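> The lines below spell out each chain.
Number of protein chains: 2
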Amino acid sequence: MTMTISMIAQLLEEKKYNSLYEQLNTMNAVDIAEIMDELQSEQAVRVFRLLSKDLAAEVFANLPSDKQEFLIGCLTDAELERVTSDMFIDDTVDLMHEMPATIVKRILRVANPADREVINELLNYPENSAGSIMTPEFMDLRENMTVGEAIEKIRREGIDKETIYNCYILDNSRILKGVITVKDLLIAPLDTVVGDIMETNIISVHTLSDRESAVMAMKKYGLMTLPVVDSENRLVGIITIDDAVDVIVDESSEDIALISAVNPSDDPYLKTSVVRHAFNRIPWLLLLMVTSIITGLIISRYEEAFTAVPLLVTFLPMLMDTGGNSGSQASALIISSLATGELSPKDYFKVLWKEFRISIICSIALAVANGIRIFVQYGNWQIAMVVSLTLAGTVVCAKIIGCTLPMLAKRLGLDPALISSPFITTIVDAFSVFLYFNIAIAILGKL
Amino acid sequence: MTMTISMIAQLLEEKKYNSLYEQLNTMNAVDIAEIMDELQSEQAVRVFRLLSKDLAAEVFANLPSDKQEFLIGCLTDAELERVTSDMFIDDTVDLMHEMPATIVKRILRVANPADREVINELLNYPENSAGSIMTPEFMDLRENMTVGEAIEKIRREGIDKETIYNCYILDNSRILKGVITVKDLLIAPLDTVVGDIMETNIISVHTLSDRESAVMAMKKYGLMTLPVVDSENRLVGIITIDDAVDVIVDESSEDIALISAVNPSDDPYLKTSVVRHAFNRIPWLLLLMVTSIITGLIISRYEEAFTAVPLLVTFLPMLMDTGGNSGSQASALIISSLATGELSPKDYFKVLWKEFRISIICSIALAVANGIRIFVQYGNWQIAMVVSLTLAGTVVCAKIIGCTLPMLAKRLGLDPALISSPFITTIVDAFSVFLYFNIAIAILGKL
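Residue numbers (our numbering), protein chains in the order written: chain L, 1 to 447; chain E, 1 to 447.
A hint or two may mislead.
Since the list gives no way to pick out one identical chain from another, each pair is judged satisfied if it fits inside one copy or across any two copies.
[Said to hold, decoys possible] Using 27 Å as the maximum straight-line C-alpha spacing, the simulated DSSO-like pairs for lysine-lysine come out as follows:
1) 271 with 153
2) 16 with 271
3) 153 with 15
4) 177 with 53
5) 177 with 350
6) 105 with 177
7) 67 with 346
8) 350 with 16
9) 15 with 67
10) 219 with 346
11) 53 with 350
12) 220 with 161
13) 15 with 177
14) 219 with 161
15) 16 with 177
16) 271 with 350
17) 354 with 105
18) 15 with 220
19) 105 with 219
None of these hints come from the bench; they were simulated from the model.
Nothing here was measured: the structure is a model prediction, and the numbers come from that model.
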């Protein structure tokens, strides 16, 4: 970052606009947006007005939505038109998803009619669909063009396209026939016909496909852009890799939140209000509280057992924690392998058999370690036996539940990450407590 | 996928090699690699020998390492040279990281001397460094070239470069002076001087920078390639976005594994052996078992309390689970925000204040719900009071520990995901049990 926030605030204070203008226009748009976010709103507006037209649009697209909203409120219609007409259409659509209705209307009003129509179409794709993250600004060529003509077309129209890395070859009905990289165009002789060198084996997705599966296809095939087609195989847009990266990072944060029993939030941590944070968490805590009450009720049925042998209570936390941890280990690995597409529900029996064998090894290691510890500490081999047997049974059960539930969720079309670790923990807890007291009664005799 | 595994196996069986050759050479390399992975090893080798030279290298780069190793064992030196010379150098280096020493030596022996030198250099960058994921095959230009000359150079040399999307302008000492996209070159007049239109405000990383921070810079600035420079600012390689995407997905799987107390594995779930899986989990389970024993010991100090009022034991699972869950919620959000760079340790006090207020709201909601439930169910307002107060105290403590530990880990240069949910759970458990019995003794009188 070439300038710090305090330097910019000072130049503003001293009204050294010329010097500030020069400094700002050598900086990266992302850095300027970051600084504007930390400045007071009124200072940010003044900085924004000093930016050149191109830079202004890019900076604007990188601002957080609260600042965008404030800024739009300060801009005249002419200024707003200047900014939005220079933004890529997919960025404008992202913006409109975040803005209140009055601002959406204002942006549509200032947009030119052609853009307005495209924006309206894009706004209609369902959230999380491939259509919602695509851009309609791609480079299209015709099969019968020569490479020289294709390059000429790119030279003429390329400036308005988000990327020219992959160019798509369409027929007269806009049906997708092929794809060619700009690199292949550049290294081919100028009189080659595009149709002869284009790649015809094309990976594409439908507008209504899930955005996560679209970006996972991009990762799998190493694509820079992914064509999005309608039901007649007409090309309507492309997903660019920078948007795909954002989706991957979002989905992963979402998975981590869900695994830990928090409703994911679209906003960054510090931009989310305390009340919103609390409301993302309380329903899960209440739900899990109810399930752990069941474990409590099971315990209360064995009151006689633990008043007769109070030592039994001492081992409860260890049994419950270990069960929960064993289950979470399995579920976390399965959830992240399902997310990357490495596993699918059809692998269930392979996974089950693998987890079963893993759980046997883990059980033996933990049961032995624990049995020895208890025997040495308390000199009571019966208690050691009860705890170790329970531990072994709990670990096996936990791994099986831990791998089964996320795969079942996926099979049912739900997000596997909904099967959070806490959820598995509470189920395993109930099982382990039940097993514990029954083994205790069997080994220690009628208590 | 144009062909299924069974179709290919059948064509092999019937020795219809011509037909198989034609089919295979229209398919995507990633799909062929996937099919080869599922075929028997000997069949896979026969399929591989049917691929055209270019396709063979691409298919090979996409195979899992166990198949690569088997295949290399079947290839003659001449065949191996043909495959590796057509691979991008960064893929060759990835391959060598996975292979046993004998194969590494064989690959180096068949490589041409220039490649061998570059490979040896790349092999020396530490794991997880920017240098370890970069490719030295980038397009370089000179400041005083015209756009026409630059395009001519790309036309001549582009075929050997991994990407020409961004071209880098170097001086005679290979010091990085600027960057220009191929799009900007194509739309500029042919006689423009490259130095006049190149971008000089360049985001770059050092070869020894952490690979995660390098890819997060690519995400932040929306870059397709990131230049990697040495300590004298000489350009030594670039990180391409496809490799960055792989790193992002790997790091996120790694975080999910660590959060759930599993040592992350480099191999896919099904390719990892049962014993390896067990050994990735047992140390954590043992460690956490030891910490939960401490909670057990705290409980045993209050034996008199729960034998006098056995109902107290009933609420232990609920208190422990809720505490653990509250802490994991906070830690998971902090860990994923730290990973995306949205939060940094300097935000600690903002985060602490936020979590404190969130915990107050969560506490009140849970304590009230729980107090009413216990009073209605057992008609004992003293017990209701004891449990609700403990619950409130536990939630506040859990959120504070949950946000503090990951930030502390980051501050100390450790991976915040090491502060797994189970780890926080066991700490919070001990606190909550201690609080519980002390509040019980205070409210219910000397038991």
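> The structure should be examined with respect to each hint, and the outcome stated for every one.
Against the structure, the hints come out as follows:
In this assembly of identical chains, residue 271 and residue 153 lie within 27 Å of each other by CA distance neither inside one copy nor across copies; the values are 44 Å within and 48 Å between. Taking the shortest alpha-carbon separations for residue 16 and residue 271, neither the intra-copy value of 32 Å nor the inter-copy value of 63 Å comes in at or below 27 Å. In this homomeric assembly, residue 153 and residue 15 never come within 27 Å of each other (Cα to Cα): the closest approach is 46 Å inside a single copy and 47 Å across copies. Taking CA atoms no more than 27 Å apart as the test, residue 177 paired with residue 53 passes between copies only; the shortest distance there is 25 Å, against 37 Å inside one copy.
When the C-alpha separation of residue 177 and residue 350 is checked against a cutoff of 27 Å, the pair qualifies neither within a copy, at 40 Å, nor between copies, at 54 Å. Taking identical chains as interchangeable, the C-alpha atoms of residue 105 and residue 177 are never at most 27 Å apart, the minima being 37 Å within one chain and 45 Å between chains. When the C-alpha separation of residue 67 and residue 346 is checked against a cutoff of 27 Å, the pair qualifies only between copies, where the shortest distance is 22 Å, while the shortest distance within a copy is 46 Å. Taking the shortest Cα distances, residue 350 and residue 16 never come within 27 Å of each other, neither inside one copy (69 Å) nor across copies (33 Å).
Taking the closest pair of Cα atoms, residue 15 and residue 67 come within 27 Å of each other only inside a single copy of the chain (22 Å); across copies the shortest separation is 66 Å, beyond that limit. Proximity of residue 219 to residue 346 under the C-alpha cut-off of 27 Å is restricted to the intra-copy arrangement: shortest distance 21 Å within a copy versus 34 Å between copies. Taking the shortest alpha-carbon separations for residue 53 and residue 350, neither the intra-copy value of 58 Å nor the inter-copy value of 35 Å comes in at or below 27 Å. Proximity of residue 220 and residue 161 under a CA criterion of 27 Å is satisfied in both settings, with 25 Å inside one chain copy and 21 Å between copies.
In this homomeric assembly, residue 15 and residue 177 never come within 27 Å of each other (Cα to Cα): the closest approach is 57 Å inside a single copy and 33 Å across copies. Taking the shortest Cα distances, residue 219 and residue 161 sit within 27 Å of each other both inside one copy (23 Å) and across copies (20 Å). With identical chains, the CA atoms of residue 16 and residue 177 are never at most 27 Å apart, being 56 Å at best within one copy and 29 Å at best between copies. Proximity of residue 271 to residue 350 under the C-alpha cut-off of 27 Å is restricted to the inter-copy arrangement: shortest distance 11 Å between copies versus 43 Å within a copy.
Taking the closest pair of Cα atoms, residue 354 and residue 105 never come within 27 Å of each other, the shortest separation being 56 Å inside a single copy and 35 Å across copies. In this homomeric assembly, residue 15 and residue 220 never come within 27 Å of each other (Cα to Cα): the closest approach is 52 Å inside a single copy and 31 Å across copies. In this assembly of identical chains, the alpha carbons of residue 105 and residue 219 never lie at most 27 Å apart, being 36 Å within a copy and 31 Å across copies at closest.
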